[in-house]
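Undergrad: Residue-level listing of the chains:
Number of protein chains: 2
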Amino acid sequence: MSAKSTSRDIRTANRYEVLRQIIARSPTSRQELAATTGLSLATVATLVGELLDLGMLTEVGFEDSAGGRPRGLIAVNPSGGALIGVDIAETYVRVELFDLALGMLARAGEELEPGGKRPEQVAAHVAAAVGTVVSRAGVGSDRVLGVGVSVPGQVDRARGICVYAANWDWHDVPLLGLLARHIVHPLYLDNPLRACTIAELWFGAARGRGDTVVVNLGTGVGAGLALGGGLHRGVSNSAGEWGHTTLVLDGRPCHCGNRGCVETYVGAPGIMTNLRELSPHSPLLHPEDQTATIEALAHGVTAGDPVALEVLRTTARYLGAGIADLVNLLNPEVVVLSSWVAAALGAPLLNEVRAAVGRHALSRPFAVTEIVLSPVQTDPVCLGAATFALEGALGSPRRGHVKTVGRPATPRSRTAQSS
Amino acid sequence: MSAKSTSRDIRTANRYEVLRQIIARSPTSRQELAATTGLSLATVATLVGELLDLGMLTEVGFEDSAGGRPRGLIAVNPSGGALIGVDIAETYVRVELFDLALGMLARAGEELEPGGKRPEQVAAHVAAAVGTVVSRAGVGSDRVLGVGVSVPGQVDRARGICVYAANWDWHDVPLLGLLARHIVHPLYLDNPLRACTIAELWFGAARGRGDTVVVNLGTGVGAGLALGGGLHRGVSNSAGEWGHTTLVLDGRPCHCGNRGCVETYVGAPGIMTNLRELSPHSPLLHPEDQTATIEALAHGVTAGDPVALEVLRTTARYLGAGIADLVNLLNPEVVVLSSWVAAALGAPLLNEVRAAVGRHALSRPFAVTEIVLSPVQTDPVCLGAATFALEGALGSPRRGHVKTVGRPATPRSRTAQSS
Ligand SMILES: [Zn+2]
Ligand SMILES: [Zn+2]
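Heads up: the sequence lines are chains A and B, in that order.
For the first sequence, UniProt numbering assigns the number 1 to the initial residue and increments by one for each residue that follows.
For the second sequence, UniProt numbering assigns the number 1 to the initial residue and increments by one for each residue that follows.
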């Protein structure tokens, strides 16, 4: 990393941090922001001035300060712009439109039929849903600051390309280019793991905290890394591929070609295998339906079903051993359990995982690590994707954007700013 | 992390980066430094001016620039100050004194007798060796900018305390306080893993590169993380404890209480176990001597001994699976194999490890990761410890330092600057 990119990053990071704190504390004063962020009052005043000029903030009055002059209060201007988050999943597209305080104003969804997963078809579905949320929210198209798009798999953000998506066997699909044929707003591409991580960083368990690991438990498994106040992406934007960490040498075969990967024990299909190995004919098992099985397990745990409890403990044991390794290696302040499997199994999973991590991790890093469930209430992928658009708008701040009609030759992705 | 600490870090990081590049390219011009670091010429000129004022640099003439004014050349001023690195190991203390270009000027060592490992005794040995190198180098005591001390185990840098050292069963030993009774120079405490990592960052495989993982293969095993141009320490300075990552669930017992830790397969005693399991009565095995066994294996590999080759492959298979997990998780640009086991087994180990990582890692991050042997020729622990002293001097730059006589009440460790 060159020192220059670091210097640019820090200015952008300060802008993020100030807006993050304003969103968290709105309304607030420049003085309070300086105290919270540790930045000088002059720096805060400059950054607040920029955000006011952009219409992202608004002055909302004054508060008394003991013995001093009244302090101006500032708040997010919710109508200062709209942000759109797109969650492209295996079987559906979900799109949400947010105001600048990341309050959701409208939502739309499209099913992806088994035969309709060519890139052009998916792009058309996304474009339709984006059009729907803009019209449902009654927001002028010129108010949309950007559209963040999450697609599962390996993503080249700078070029707006989906390098590889296992679900659909996509290779080097120029997704943003396809979307730009339909969508005039600035577009930002990334994947669900990083979307969930950025959502935790801005609005969840990592906000205002030190280094955080976001353990994503869904069909697949990943570990998003929020280090030093920003997303750790790695040299080719693929950091966080924790699901293919070897947990059991020569263990269960994994679709990645390796054996014994964490994912094969604690992803939803892995948990189904844990159940099947324990009780092959359990009524909890819905062989063709991950969601139904995980929900049945969650109900069973609540009801005290011994098989469900044993599956929970087995899963937590694998997960705890894996998370302990992350705690030892990275010495984070927070570990967040996120995504739908974690949400479904909830507090009982958290408690078993905490105990298992405690058995496996070194005592010193374990003692300073908090392990929590994600506090993000809405779909973290849509929220995080919209946050990429917000970061993009903050990285190249300007009021509105140049509207392009017709078909731009290249996707108008903006990526360097938040890298 | 507060934004403020980030801002301070960036100024310090820029100062590090400029000096690092001057050491690498000496003599060089401000223009070349600006091009290399990506900093503005004005910023480079300011930083160079500070370092000239401190006597750390010297002007050494001019070079022609095509069609322009001659450019002033600057170089490290080797006699601008001395840095001392201390490597406290289980059975010895090694101390090296360096000039400002980190050229070694003098070395001294002390054996630690089995009965002489109380903290006060160790501190006295260190102090004696420090006195020896200063007098051998013929350097005035007032020229010593600082003494970096590496001690194995868990270290509280800010308070100068050795929190836990397994070798000697030290708990909360105020090591810098004990050393400050004898040594008047600024003192900096850390551990060998971080010393080796900072040595790679300043003088080795990580210099001028992106995120780097330094895999330390000795009796113990660790993974030092150089992320974003600096050391990743974690929330309580214990990041890098990779040796206790579970590689084989329910595998070999480890002294940490866990089972199947990486260290039990690829640390020197683990490699001895690999050999013993394959060939219990092998003449390569020196049951009481790790060093002799590893060297016998290295010779055997060179000579084509089938048992030695098989042990190498087995070790590389474990190591490759473990490193693949680091590659997947962190997506680093460089992985460095460092410390004495890696140095002894050298290129044959590197080749087997590369192949094994390729089998286990995901193809995308593997394709962008370079795996190399450490290019650092001298003892990386002494070099790294001295570098902590250099970073300390750069973090609080001043000419020389206030000399204290007698016994200061608190250790004069300087830590905030390089955190
Ligand atoms: Zn896998
Ligand atoms: Zn262990």
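Note that these hints are calculated values from the structure, not bench results.
We put the CB at the ideal spot given by N, CA and C, even for glycine.
It is possible that some hints are incorrect.
Stated by the list, open to error - Residues from chain B shown here face chain A by an in silico Cβ test under 7 Å; the list is partial:
#	residue
1	238
2	242
3	321
4	373
Claimed, not checked - Across the chosen pairs, the derived CB separations fall in these ranges:
#	chain 1	residue 1	chain 2	residue 2	range
5	B	171	A	370	19 to 29 Å
6	A	299	B	250	48 to 58 Å
7	B	118	A	370	31 to 41 Å
Undergrad: Confirm or reject each hint.
TA: Hint check results:
no.: 1; hint: 238; verdict: 5 Å, holds
no.: 2; hint: 242; verdict: 5 Å, holds
no.: 3; hint: 321; verdict: 5 Å, holds
no.: 4; hint: 373; verdict: 20 Å, violated
no.: 5; hint: 171/B to 370/A: 19 to 29 Å; verdict: 25 Å, holds
no.: 6; hint: 299/A to 250/B: 48 to 58 Å; verdict: 31 Å, violated
no.: 7; hint: 118/B to 370/A: 31 to 41 Å; verdict: 37 Å, holds
When held up to the earlier numbered hints, the structure conflicts with 4, 6 and fits the remainder.
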